[in-house]
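So the sequence lines, in the order shown, correspond to chains G and P. Each residue of the first sequence is one higher than the one before, starting from 1 at the first, in our numbering. Each residue of the second sequence is one higher than the one before, starting from 1 at the first, in our numbering.
By construction, these hints were calculated from the structure, which means they are not laboratory data. All the given hints hold, so there is nothing to weed out.
Heads up, simulated DSSO-like pairs for lysine-lysine below, C-alpha to C-alpha not over 27 Å straight-line:
1. 68(P) <-> 32(P)
2. 100(P) <-> 123(G)
3. 173(G) <-> 32(P)
4. 25(G) <-> 91(G)
5. 169(G) <-> 32(P)
6. 158(G) <-> 12(P)
7. 46(P) <-> 58(P)
8. 66(G) <-> 40(G)
9. 32(P) <-> 43(G)
10. 169(G) <-> 15(P)
11. 12(P) <-> 169(G)
12. 123(G) <-> 96(P)
13. 100(P) <-> 169(G)
14. 40(G) <-> 94(G)
15. 15(P) <-> 123(G)
16. 94(G) <-> 43(G)
17. 158(G) <-> 84(G)
18. 96(P) <-> 169(G)
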Amino acid sequence: MTDSLPPIYNFPPLYTCQPNVLIRKQQLATWCDLLLNYAKDNKAWCLNHEGSILRDSESSNASIFKNETIQRVAPAPFIDQIWKEMVRGQKAVKNSDEAYFILWRSLEQWSSLVLQWFETSGKLNQVVTLYELLEGDESLGWEFHGMHQTLCELCLQKLCDRGRATLLKEQNKIMGVKVL
Amino acid sequence: MGQGSSKIEVTKADKAILQLKISKDELHRYTKRTETLIFNEREKLKRMLREDTKNGTKSPRARILLKKIHYQNHLLEQAADQLINLENLVATVEFKLVEKQFMVGLQQGKDVLTRLNKEFKGAEDLMDSVADQIAYQEEIDQVLSSSLIGGFEEELDRELQDLDEEVNGSKEEAPVKLPDVPTEHPIASPELPSTEHLPELASVENQPQEKPQREAQFA
Numbered sequence: 001m002t003d004s005l006p007p008i009y010n011f012p013p014l015y016t017c018q019p020n021v022l023i024r025k026q027q028l029a030t031w032c033d034l035l036l037n038y039a040k041d042n043k044a045w046c047l048n049h050e051g052s053i054l055r056d057s058e059s060s061n062a063s064i065f066k067n068e069t070i071q072r073v074a075p076a077p078f079i080d081q082i083w084k085e086m087v088r089g090q091k092a093v094k095n096s097d098e099a100y101f102i103l104w105r106s107l108e109q110w111s112s113l114v115l116q117w118f119e120t121s122g123k124l125n126q127v128v129t130l131y132e133l134l135e136g137d138e139s140l141g142w143e144f145h146g147m148h149q150t151l152c153e154l155c156l157q158k159l160c161d162r163g164r165a166t167l168l169k170e171q172n173k174i175m176g177v178k179v180l
Numbered sequence: 001m002g003q004g005s006s007k008i009e010v011t012k013a014d015k016a017i018l019q020l021k022i023s024k025d026e027l028h029r030y031t032k033r034t035e036t037l038i039f040n041e042r043e044k045l046k047r048m049l050r051e052d053t054k055n056g057t058k059s060p061r062a063r064i065l066l067k068k069i070h071y072q073n074h075l076l077e078q079a080a081d082q083l084i085n086l087e088n089l090v091a092t093v094e095f096k097l098v099e100k101q102f103m104v105g106l107q108q109g110k111d112v113l114t115r116l117n118k119e120f121k122g123a124e125d126l127m128d129s130v131a132d133q134i135a136y137q138e139e140i141d142q143v144l145s146s147s148l149i150g151g152f153e154e155e156l157d158r159e160l161q162d163l164d165e166e167v168n169g170s171k172e173e174a175p176v177k178l179p180d181v182p183t184e185h186p187i188a189s190p191e192l193p194s195t196e197h198l199p200e201l202a203s204v205e206n207q208p209q210e211k212p213q214r215e216a217q218f219a
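If we strip away everything but chain G, and leave its shape as in the complex, we get (with noise of 0.2 Å):
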């Protein structure tokens, strides 16, 4: 899972938190490109705060913070600062319940995405459900497919913000979405 990382992956200071103000900022910088990579390459929206891929509920033991090649782990306050550093540059958004979503493209480019989609795919005027959205066939091969509910809804905020777009609620929970 962590294959795909770049060698500074198993670079053993890495993983200590470095004293030297401007070393450290590096570091945490590192540590985003790494988190980014990281969820990119494994499709992960959602990682726990100890760095493991959240996947319907199931979390697995494997974290990213956790290195087994090299015996290393980062220790929790500095996992803090990381996460505090991610979330500072929008690059994560914390959803309830320790965990965070990782945006590997931003809010932005993700609405701008799913617009995409529905205009391609001849969807505007149309109510679609948020689980056509994201997990029907239509939108297979889009990036965004198997995208966290909560997480798209957050991308189809900017777009009802935008006036493209109108969310339909059911039971009070966000179902359905109908863009022009």
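With chain G fixed as given, assemble chain P onto it according to the hints.
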């Protein structure tokens, strides 16, 4: 594209479609789940047969498992049918919506056309009155031109004659009108003012003046 201000309205039809699609999604999810279930059970059965090569085929558990798989397959087929039904329904509804749009467009076109035609309703009257006015105008023209031609012609004739006379002289010498010769004796000349008190020169002047007057009278 109205940015922001335009609100996308959600109609009842949208809600209905949403419901329909939600149930469709439910079926979709169910088929996916069943597919994985069947796959897993098939794997399990295979494993069972591999483990117990002798009595595997006879063991009731294997039979039950196979039956279960068949049953699941049956359910899956049913679900797929229903899914297709729902999809057809959704497609039909969506097409109907488009048709509705089409009808609305047609209606609007008709409305505009009738409104425009209504505006042309006065056209007949208008054309009538225009024709009337044109006829009247022609009448006036005729009257004017005829009267003009008449008067003009006379004038022309007269002018032409005058010119002709001027150039060629009158064809018959018009007799010079002379006063008639008096037949009676002239009455005594009216009393003239006395010249007694006038100076000499004046009296001399007066006399020759009187003479031609008398001559003219006798001529």
